[in-house]
Amino acid sequence: MQTDETVTHACVPDDYDVAYHRPAALMDVNMHYCPGCAHSLVHKLLMEVVDELGIQDQTIGVAPVGCSVFAYEYMDIDMQEAAHGRACAVATAIKRLMPDKFVFTYQGDGDLAAIGIAETLHAINRGENILIVFMNNAVYGMTSGQMAPTTLPGMKTTTSPFGRDTKFYGAPMKIAELVAQLPGSSYVTRQVVNSAHGVRKTKQALLKAFEWQKQNTGTCLIEIIGNCPSNWRMTPLEASRFIDEEMVKAFPVGDIKTPDQPSLEPTPENL
Amino acid sequence: MNVTKLMKGNEALAEAAIRAGCDAYFGYPITPQSEVLEYLAREMPRHNRIVLQAESEVASINMVYGAAGAGFRAMTSSSSPGFSLMQEGISYLAGAELPCLLVNVNRAGPGLGTIQPGQGDYFQATKGGGHGDYRLIVLAPASVQEMADHVFLGFDLADQYRNPVVILSDGAIGQMMEKVTFKPYQKPTVDKSWATTGKPASRKRNAISSLFIQPERMEQHNLKLTEKFNRIRESEVRFEEVNTDDADYLLVAYGLSARIAQKAMDLARAKGLRVGLLRPITLFPFPEKRLRELATQVQGMLTVELNSGQMVEDVRLAVEGRVPLARYGRMGGMIFTPEEIERQLETLFEKAYAN
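Protein sequence lines correspond, in order, to chains A and B.
For any residue, its number in the working numbering is found by taking its place in the first sequence, counting from 1, and adding 44.
For any residue, its number in the working numbering is found by taking its place in the second sequence, counting from 1, and adding 224.
One or more of the hints may lead you astray.
Unchecked claim - Distance condition first, Cα-Cα at most 30 Å in a straight line; then the derived DSBU-like pairs of lysine-lysine:
1) A:218 - A:200
2) A:258 - B:403
3) B:229 - A:145
4) A:145 - B:411
5) B:428 - A:88
6) A:252 - A:200
7) B:411 - A:252
8) B:407 - A:145
Stated by the list, open to error - Interface residues of chain B toward chain A, partial, derived using beta-carbon atoms under 10 Å:
9) 282
10) 459
11) 462
It should be emphasised that the hints constitute simulated quantities derived from the structure, not laboratory data.
Glycine is no exception: its CB is placed at the ideal position from the N, C-alpha and C atoms.
The following block holds chain B by itself, in its conformation from the complex:
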């Protein structure tokens, strides 16, 4: 039976974790995502699940490692400075191929930055973040509903690929209240015969490790991971398109920026400018193919991000110079208005007609 509630993004995410059968949550307080830990500290014990406030984000992520290695559904959440602290552990999780769900409610930085929403952690989330050669599956919710939906999807993808999944949200999506509907969910049965549950006489011992001291074995492991990341690229691209059929210009934006960009698109359309929107839902894998197709249809693209230009690099790689590409951003904390973006679109159109 569906359950509909009015909730904060962070709370919807926490409620979804319980409904998705999360066995253990480990976290450390940091604004703007402390509601996740607070909600779960209150609710998880009632479901006989484990919730633990760790001494640091470093401890949290390594607790996730221990729980995931023992075969349990485990997650943590943090915000930018805290998420940076987790990067070593995330690299180990990826290296040891442990499924888990990680959440970064992005605030603006660098350094201690501000507690206001930002999208400056795009590179960190999509290019690995820690040391070594790995990718995370990155989901970018743009609503409270998706804050919940991506938890179910994220846990399932993590189990399917034995890889950490990140929900890259931001302070606005985490803090805003919207209607959210929870649908019935059946946790899939997953073979975790590799987990450290105690070695019965009937099987060989299980070891969770990312150590491959012999270079030949290290290379084989990296080739295996690369093959997995390529499979993810093939099968798991997710995006949303609005008004792209007749679009002369395309806005590309994710998360909070996509919602503001969509309003800007409406303003532009009201003035007769044919503008469409592509919203990547997965940031890794990135909707490269679709952007390449649209590059042959539209006269220009505008990426809109709350940073100095990060996702625009992936758009540039996707369109390979086939179409003029502009970017517009505010630096996080400060957020663009739809009118601001619409003016950028008008400038693009004027330039195009001047040529």
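This is chain A alone, in the form it adopts within the complex:
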């Protein structure tokens, strides 16, 4: 039986076995995310990993500006809320001063790939021993669906009402491939969370990244193809299909680089 009061199973009768419970490191509060949004799922995976590694007291997270700005309301760990785009600079200082702690940033595509690209690339180039959890849902979610650096060609958003014109705005930025070229990055992977298989793979990736961090291999970046049913103007099911049919074509899933295989190209085996 869980004794942590943040974990409640009030509805579970005594003669039932609990097959699944909320991770102890995840606050027992309602989240503000839209129905079907991937953020809550990824928060849960992150905190499951923190539980399983037993590092709740050694982990410091950095929240971004964007939909996950309130991440520190949901994760029962010490966290800092960074200015828009600056999470990697904030995390750099925390990790340099406390090299024995586990430090991660949690950032969206606007935060990381647009306004924060300089801080991101330089932190990775320095090989900061941090984990960057990069949520890519191809739009600015919090400000209600504007075009992001990762918006797909032709994709309609509130600021690309006729579809993203790549002649005008360029093509979607492939962050994982970009940062894999920097010597400071150690583990770079792209995952999805719109299927049970994808969720399991993402959790494995998070576990691996924390383990690599313990070995000081350099920066780990996990790009997770998120969704945004509200701003994509889709049902969660349609959004899930859109990921399979459109998003993964532009953003191929799989490990791009691992510390033991520094320049791994995505292959059918590692997808």
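Fit chain B to the supplied structure of chain A, relying on the hints for placement.
What follows is chain B alone, placed relative to chain A:
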């Protein structure tokens, strides 16, 4: 034991940072303050402290945020254009109530301006600078000795009030060489139980944030900050007075300008003009009370600044029209001579006697 050295202002400041127990320095090169980063890049590793040349001033200030939020003594330094880049981060630091030490070795602007000394960043330093409603504690050194002293004072005040402190220096004070004495210093023990050091089972999680999305909570936070700024106004005013006892006229100047004004005062006194000097050491909080008292004693005041007239507005608010107030300035890069200021004083006296 006291240690006395001949040093540049910027180097004295950097040495003081080490002696004040600064755990981490983050900076980006910019003239006329790059010696701070250079000195610390050389010396900090020997003391097992963190020094990092960031990719920009934007990154530097956010690294300071991360370090301060984790409970460490952190600082950065820059000069005017670079300091402008930090303003967003400074607003976040003030909003999240993180103690840290910031240094602006003021050069003349606006824009890219020149690398020569200026005092055009007075408004930026004393009125907040970034967005939102906040104040910084602003220290204005006028010597190499004070470049060092203000580091110890600045870190202590930052910790005491959980607020960023700025040392507003200028290119001349930063670059000049003078004698500086370092006294023994004991870093005070400060409760930083709010810092993000990893959450043990024994306490609730710590979150460093300036986000208050509910308006009721936002207002309460701003009221709390306002109360703090009022406490600072009450307790932390610092200034220096020279020859004010019998003064008919008062010079008001800070930093480099105060040193030139003091020489001008001597020239005027040699001609029989009874002139005094008030040098604000803290620009926020500003020595309003003392200026109001002196307004009833002197016949006129002259503020002297390396800008088009910024501190003069605070002097005007302090004296509330009780006394005629004039200003004199050069625009930075170009610096007034003592004789130039003394002529301004003579003109003031002549006008007064003509009336």
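Hints, verified against the model:
{"no.": "1", "hint": "A:218 - A:200", "in the structure": "19 Å, holds"}
{"no.": "2", "hint": "A:258 - B:403", "in the structure": "48 Å, violated"}
{"no.": "3", "hint": "B:229 - A:145", "in the structure": "39 Å, violated"}
{"no.": "4", "hint": "A:145 - B:411", "in the structure": "25 Å, holds"}
{"no.": "5", "hint": "B:428 - A:88", "in the structure": "19 Å, holds"}
{"no.": "6", "hint": "A:252 - A:200", "in the structure": "36 Å, violated"}
{"no.": "7", "hint": "B:411 - A:252", "in the structure": "41 Å, violated"}
{"no.": "8", "hint": "B:407 - A:145", "in the structure": "35 Å, violated"}
{"no.": "9", "hint": "282", "in the structure": "7 Å, holds"}
{"no.": "10", "hint": "459", "in the structure": "29 Å, violated"}
{"no.": "11", "hint": "462", "in the structure": "30 Å, violated"}
When held up to the earlier numbered hints, the structure conflicts with 2, 3, 6, 7, 8, 10 and 11 and fits the remainder.
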